[in-house]
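Chains as they are written, first to last, in the numbering used here: chain A, 128 to 349; chain B, 128 to 349.
Rather than coming from a laboratory, the hints here were simulated on the basis of the structure.
A portion of the hints provided could be inaccurate.
The list cannot tell twin chains apart, which means a pair is met if one copy fits it or any two copies do.
With a straight-line cut-off of 30 Å between C-alpha atoms, the simulated DSS-like cross-links for lysine-lysine are [said to hold, decoys possible]:
(1) K294 <-> K209
(2) K346 <-> K304
(3) K304 <-> K294
(4) K294 <-> K346
(5) K346 <-> K299
(6) K306 <-> K209
Computed from a predicted structure; not experimentally measured.
2 protein chains.
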Amino acid sequence: MTPTARVSLNLTRHRGGLTEAERVRKLGQRGAVLWLTGLSGSGKSTVAYALERMLVGRGKHAAVLDGDNLRFGLNKDAALLKESSGYGEAAARRFGLGFSPEDRAENIRRIGEVANLLARNNVIAVTAFVSPYRTDRDAARSLASPGRFFEIFVAAPLEVCERRDPKGLYRKARDGKIKDFTGLSAPYERPLHPELTLHTERESPEESAQSVIAFLRAKGIV
Amino acid sequence: MTPTARVSLNLTRHRGGLTEAERVRKLGQRGAVLWLTGLSGSGKSTVAYALERMLVGRGKHAAVLDGDNLRFGLNKDAALLKESSGYGEAAARRFGLGFSPEDRAENIRRIGEVANLLARNNVIAVTAFVSPYRTDRDAARSLASPGRFFEIFVAAPLEVCERRDPKGLYRKARDGKIKDFTGLSAPYERPLHPELTLHTERESPEESAQSVIAFLRAKGIV
């Protein structure tokens, strides 16, 4: 028997003692995954934190997952795994995440799993990642319970995002210092059927967050 | 510049808009990591779910992370990554987790990161893993904010655990069908200074859970 086969055989699924309906009644909210997608500089993180502030202000548990923060934790790169987790060279190379297509897919997979875990535990998970590929976003959607995953397109046009350039990344990409930069030298696949679209080029982060909250109300999440 | 160096330079830490005190006031609870450790069959998962049931029953957000469940999600093995996540052979081998020391360390690291993320978002994360090595448990502790990580030793003696053998694993290990089985052919390093010890050989899961809740009250978590 291969080690892998043995793994699967030794595991049994464990069930908690509370039904979904009991959890919702006791906690006063459903869980959900709000998957914000859009170009760098479109305002994903800003809207996500405005939304978190509003939801928590109403006593609702919400949690932002964003690329910049997760890259220092769950999805560290090899250098950080060596430096702060004491990993050896081989383990750090194996598990550390960079920006290759394979690494990006694993980055998004781990985030999707964590967002789904939060949602299953009645937390509103707000993810803020470029997540340029439809196949990755669909994979994240497929993890969630039906009706609990909402793809939210943060739709500021490229010109607006590049003008803002809050982290100076567009400039670096134009100068050739970053390869494969989404929107310039790497594709961004627009959502085909997002549950909601936010026009952050003409509304404030608070206005965008308000429209997400109106949407969550309509869906019976809060 | 290496790709790894570029990663670190392109990232900036992102801050939410709410202080910890505001979150606690609005949500009515602090977050914490309750790290249950003990032999297979000691009752970790049973106590964890009893505790979750009690906490949620009081309107407190709690989430159980247990090995059997995470192994089907965030910490899937290579076979499951291929089967359910559409990974190719190389990516599945690289990111899939088995039971080698390196894989176990990464398993625990990811769990520690997720538990800490839950705790930072005011959820009481209850982890239920054998987690036999002190160094791995200390690594999980080091991720959490001071005073938010509680190591709880589920201390049923080996003879009791082997007699229970709820998954038939001790039998398989005695028959040589599982190598490196914690407590028999692989070490279990007892906690040196656990914040709490549960004697599940002589108290019911509900009694154990009650003593955890009394502990959380004393610490000001709930």
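Status of the hints after comparison with the structure:
Taking identical chains as interchangeable, the C-alpha atoms of K294 and K209 lie at most 30 Å apart only when both belong to the same chain, with a minimum of 26 Å there against 36 Å between chains. Proximity of K346 to K304 under the C-alpha cut-off of 30 Å is found in neither arrangement, the shortest distances being 44 Å within a copy and 50 Å between copies. Taking the shortest Cα distances, K304 and K294 sit within 30 Å of each other inside one copy (14 Å), while across copies they are farther apart (54 Å). For the identical chains of this complex, K294 and K346 are neighbours neither inside a copy (35 Å) nor across copies (41 Å), given an alpha-carbon limit of 30 Å.
Taking the shortest alpha-carbon separations for K346 and K299, neither the intra-copy value of 41 Å nor the inter-copy value of 49 Å comes in at or below 30 Å. Taking identical chains as interchangeable, the C-alpha atoms of K306 and K209 lie at most 30 Å apart whether they share a chain (25 Å) or sit on different chains (29 Å).
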